[in-house]
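Construct all of the structure, not just a fragment, from the sequences and the given hints.
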Amino acid sequence: MRIACPFCGPRENSEFSYLGDAKPKRPGPDAGEDAVYEYVYLRDNVAGEMAELWYHGGGCRAWLQVRRNTVTHEILSVEPAAGAGAASVTP
Amino acid sequence: MVEPSWTATTPLSRIYAPGRHGVKNDAARLSMAELTGFELVQVMARRGMWSPTDQACREAYGQAAPAKPQATRAEGALLIWSGPDQIFVLSPRGSSLERARLAFAGMASLSDQSDGRTLLRISGIKARDMLAKVCSLDLHPAVFPAGAAAATSIDHTSVNLWRGEDSAGDDGAAVFYLLVFSTFAESLWHTLLDSGAEYGIAIDAATPWQG
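Residue numbers (my numbering), protein chains in the order written: chain A, 1 to 91; chain B, 1001 to 1211.
Source of the hints: derived by calculation from the structure; they are not laboratory data. All C-beta atoms in this analysis are idealised placements derived from N, C-alpha and C, irrespective of residue type, glycine included. Some clues are possibly wrong.
As the list claims (entries may be wrong) - Below, a sample of chain B positions facing chain A; criterion: calculated Cβ distance under 10 Å: (1) Thr-1072; (2) Trp-1081; (3) Ser-1082; (4) Gly-1083; (5) Leu-1139; (6) His-1140; (7) Pro-1141; (8) Pro-1145; (9) Ala-1151; (10) His-1156.
Here you go:
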């Protein structure tokens, strides 16, 4: 599997680390215990298209948001994650 | 009280053996050297400050800060792309830290990596073949011309790789430079020696980087 880093170009997957689902957002301080529990522990087990966070640690050290089909490993899109590249993306 | 005395050595000095390595029955088709005596500053533009950083770079170094994987020759320095909104400024040992501090004050964060990285030069007609065994990038001249750079991994070790001017010697071959974390330098050096052994390697004496 290769990931086309928007900064470096296509690279082998051993240059990347996988974080997981890009969807969970950290709940606010008043969101309550259930929301925090869900944020920390509960994940969808998606068979199909999924937005994921990958880290290009073996290259430009940017965080990327990758849309990937978990069944076929087809990569549908790769973009810088929020905050990757101080000027290019606003968080 | 005994005063401790420290002798500065290069990261590879413990294992560095100038001379021939690998097959010796023919002329060496590969040259490798550790380059010393450089200063390396990591420049990371702060959020939203890439444009002023680029402008400051033009004023201080006479060249745009590379915004894509390239190594640009500038006044008294080589500017090497290292990631989004980040560059390395590589200079011969001197006052480059102060120069960078003045140039990028307030717009970029600087980090002195002069002792944090080891600089290697790889050249010769088999340089590309040797690298092809350990590096997953396409280094064909059509894809990776002189001045191209990359942040990648070799043997699971993060490196910054770029191609300099072709050799002025009689072989006219491509010249590649590698920056690697100093603590990984021995390991990477062994890997590269193994990879190039079949071509015969001339290991040059470690010399200061001249720009």
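Structure-inconsistent hints, enumerated in ascending order: The structure conflicts with hints 1, 5, 6, 7 and 8, although it agrees with all the remaining ones.
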